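S.K.: Chains D and R supply the protein sequences, listed in that same order. Letter by letter, the first sequence follows residues 91 to 417 of the working numbering. Letter by letter, the second sequence follows residues 2 to 236 of the working numbering.
Since the hints were derived computationally from the structure, they do not count as laboratory data. Remember, predicted model here, so these are calculated numbers, not experimental data. Check before you lean on any hint, since a few could be wrong.
What the hints assert, rightly or not - Label-pair ranges, simulated between beta-carbon atoms:
{"hint": "1", "chain 1": "D", "residue 1": "V398", "chain 2": "R", "residue 2": "P168", "range": "49 to 57 Å"}
{"hint": "2", "chain 1": "R", "residue 1": "K179", "chain 2": "D", "residue 2": "L283", "range": "56 to 64 Å"}
{"hint": "3", "chain 1": "R", "residue 1": "L234", "chain 2": "D", "residue 2": "L401", "range": "51 to 59 Å"}
{"hint": "4", "chain 1": "R", "residue 1": "P168", "chain 2": "D", "residue 2": "M209", "range": "20 to 28 Å"}
{"hint": "5", "chain 1": "R", "residue 1": "L164", "chain 2": "D", "residue 2": "V336", "range": "52 to 60 Å"}
{"hint": "6", "chain 1": "R", "residue 1": "K179", "chain 2": "D", "residue 2": "I284", "range": "26 to 34 Å"}
{"hint": "7", "chain 1": "R", "residue 1": "R105", "chain 2": "D", "residue 2": "G382", "range": "51 to 59 Å"}
{"hint": "8", "chain 1": "D", "residue 1": "G382", "chain 2": "R", "residue 2": "L164", "range": "57 to 65 Å"}
{"hint": "9", "chain 1": "D", "residue 1": "V100", "chain 2": "R", "residue 2": "N14", "range": "22 to 30 Å"}
{"hint": "10", "chain 1": "D", "residue 1": "G382", "chain 2": "R", "residue 2": "T93", "range": "41 to 49 Å"}
{"hint": "11", "chain 1": "R", "residue 1": "T93", "chain 2": "D", "residue 2": "A116", "range": "47 to 55 Å"}
{"hint": "12", "chain 1": "D", "residue 1": "P244", "chain 2": "R", "residue 2": "F11", "range": "58 to 66 Å"}
{"hint": "13", "chain 1": "D", "residue 1": "I221", "chain 2": "R", "residue 2": "K230", "range": "50 to 58 Å"}
{"hint": "14", "chain 1": "D", "residue 1": "R411", "chain 2": "R", "residue 2": "D107", "range": "32 to 40 Å"}
Stated by the list, open to error - Chain D residues, not near chain R, derived (Cβ > 10 Å throughout):
{"hint": "15", "residue": "K288"}
{"hint": "16", "residue": "L305"}
{"hint": "17", "residue": "V306"}
Virtual Cβ for every residue (Gly too), placed ideally from N, Cα, C.
Listed below, chain by chain, are the residues.
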Amino acid sequence: MRLFKIILGVAVVGILGFLGIKEIIADPVYFLELFLGGLTRGSIYALIALGYTMVYGIIQLINFAHGEIYMIGAMTALIVASVLGLWGWNSAVIVILAFVFAIVYSCAYGFTVEKIAYMPLRTAPRLSALISAIGMSLFLQNYVMLAQTSEYMPFESLIPDFKFWEPFSHIITSVEMTIIVTTVIVMILLGILIKFTKIGKAMRAAAQDKIMASLVGINVNRVISTTFVVGSATAAIGGVLIACHVGQINFYIGFLAGLKAFIAAVLGGIGSIPGAVLGSLVLGISESMFTGYFWSEYEDVFAFSILVIILIFRPSGILGRDETSKV
Amino acid sequence: MLKLKDIHTFYGNIHALKGINLEISEGEVISLIGANGAGKSTTLMTTSGIVPAKQGSVEFKGQDITHMPADDIVKLGICQVPEGRRIFPYLTVAENLDMGAFLRNDKDGIKDDFDYVYNLFPILADRKNQIGGTLSGGEQQMLAISRALMSRPKVLLLDEPSLGLAPIIVKQIFGIIKKINEEQKTTIFIVEQNANLALKAAHRGYVMENGLITMTDTGKNLLANEDVKKAYLGI
């Protein structure tokens with residue numbers, strides 16, 4: 091069985107590699123476009139997937155309402171930008187305020203969702219919390235639909251076309267570039283937060299052993315809340331950025347984006363932060379290649395097939411730890 | 002200093018502690034001995050606030066801490082080295098020690114305490130950057146005790162420090178426990194199955210059976226007691 095898997099793997103990689111190299115040589119610019127498009131897509135996935143993976147790491151829960159937090163981020167930015175636009179404010183101020191409001195709102199929602207839907211179920215079986223998460227997701231979707239509208243709303247890009255970027259804009263637009271750069275900055279900041287700050291250390295400790303964490307004086311409930319807030323903030327940034335990129339949003343955008351980011355988190359190894367980033371980039375780029383070289387209609391089918399394949403062959407993901415190796 | 006009055010603790014429907022009374026004075030070393038499942042670890046978990054008591058009270062310096070959250074109890078200076086050591090498996094030795102000092106902000110003091118524990122257990126200094134989960138059992142126990150010391154506890158609760166360790170390491174660890182008590186004036190509460198060692202190290206001892214304290218006396222007297230000898234010392 092093992093040998094069979096290896097042969098199969100080598101064969102698939104070999105054929106794809108051969109075809110791939112042929113295609114790249116035939117049209118390198120097209121390949122570069124697809125690659126950068128995939129990188130953009132992967133960056134957005136990464137911003138969302140971080141929330142999934144951090145929450146899973148700490149309370150072993152798939153927070154299905156996380157996609158909705160991302161949608162709420164985009165919605166808030168749209169509302170703020172429209173209102174301020176009507177008042178005729180300066181566009182740079184609008185961008186900053188839209189981001190700030192989106193982050194604050196999403197964080198508040200993430201915090202509240204945890205307090206209402208998950209905290210009372212802390213000691214309940216995991217399935218209860220999972221069902222609660224799905225319920226929360228449906229509630230938030232419908233709530234936003236009722237409060238706003240079910241129609242698609244145009245989202246005017248908050249990010250201008252930069253003058254200095256014009257020579258490259260046929261390969262990658264300035265919005266895409268902004269997405270990639272922002273994501274890199276967010277990742278670096280998050281890395282610093284987790285590696286060096288007190289709350290970051292508390293998060294890592296609580297993820298490894300909650301009882302011991304409280305025995306060294308860590309308030310575990312506060313750490314869990316912080317995790318939700320941090321995850322919501324990155325999701326909100328992702329929401330605003332993708333809305334700028336796509337140009338329209340509705341109450342339902344969180345569902346598919348959330349699922350894709352979830353696949354990315356599983357692909358990278360759920361619970362692992364570098365894994366979520368790597369998984370997102372791999373998923374984004376391979377999706378982009380698939381739609382570019384094969385069939386664009388089957389984009390989602392491709393993503394979900396990846397999920398099935400990982401779950402069969404490597405359930406712990408690319409960088410995930412095997413449960414059994416835990417000490 | 003620490004007083005447990007008529008403590009009843011439940012795990013679901015299981016009545017684990019059935020009215021425990023226990024008292025520890027400042028600067029003492031107390032041992033609680035008993036067989037598997039007698040409720041020794043539960044006594045510590047109730048004291049630390051992880052499994053709060055259903056009935057009765059835990060008092061620390063006159064303050065009722067029965068229903069205080071676990072992290073606030075640590076703030077008061079009651080620190081536990083739990084059963085199975087519970088080293089953070091993916092943090093390095095130094096990071097584990099740093100977690101022990103989580104509540105402190107005095108950088109210089111923390112640095113001094115790093116030196117202090119590296120002095121107590123030089124092996125930890127050599128293994129500073131090694132991942133906690135890869136240490137041997139004895140090293141993990143040393144790390145667990147050191148991590149607790151990093152919080153500068155007033156009361157140190159130790160759950161089975163000898164469990165699964167080679168006799169020579171057990172001896173070393175008990176030597177250090179004694180040293181901590183004498184040098185730092187830390188009050189120490191040891192829960193042990195190794196009755197001989199625990200009673201020798203302790204000023205006073207308690208014997209526990211089926212969720213109840215059945216005997217209490219000085220360590221010396223308990224060691225000489227016929228019933229204790231028969232049941233726990235195998236003489």
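S.K.: Against each hint, give a clear statement of whether it holds in the structure.
M.R.: Going down the list of hints, with the structure as the test:
no.	hint	result
1	D/V398 to R/P168: 49 to 57 Å	holds, 54 Å
2	R/K179 to D/L283: 56 to 64 Å	violated, 42 Å
3	R/L234 to D/L401: 51 to 59 Å	holds, 55 Å
4	R/P168 to D/M209: 20 to 28 Å	violated, 46 Å
5	R/L164 to D/V336: 52 to 60 Å	holds, 58 Å
6	R/K179 to D/I284: 26 to 34 Å	violated, 39 Å
7	R/R105 to D/G382: 51 to 59 Å	holds, 55 Å
8	D/G382 to R/L164: 57 to 65 Å	holds, 60 Å
9	D/V100 to R/N14: 22 to 30 Å	violated, 56 Å
10	D/G382 to R/T93: 41 to 49 Å	holds, 44 Å
11	R/T93 to D/A116: 47 to 55 Å	holds, 50 Å
12	D/P244 to R/F11: 58 to 66 Å	holds, 60 Å
13	D/I221 to R/K230: 50 to 58 Å	holds, 57 Å
14	D/R411 to R/D107: 32 to 40 Å	holds, 35 Å
15	K288	violated, 7 Å
16	L305	violated, 5 Å
17	V306	violated, 5 Å
Hints 2, 4, 6, 9, 15, 16, 17 from the list above are not met by this structure, while the remaining hints are.
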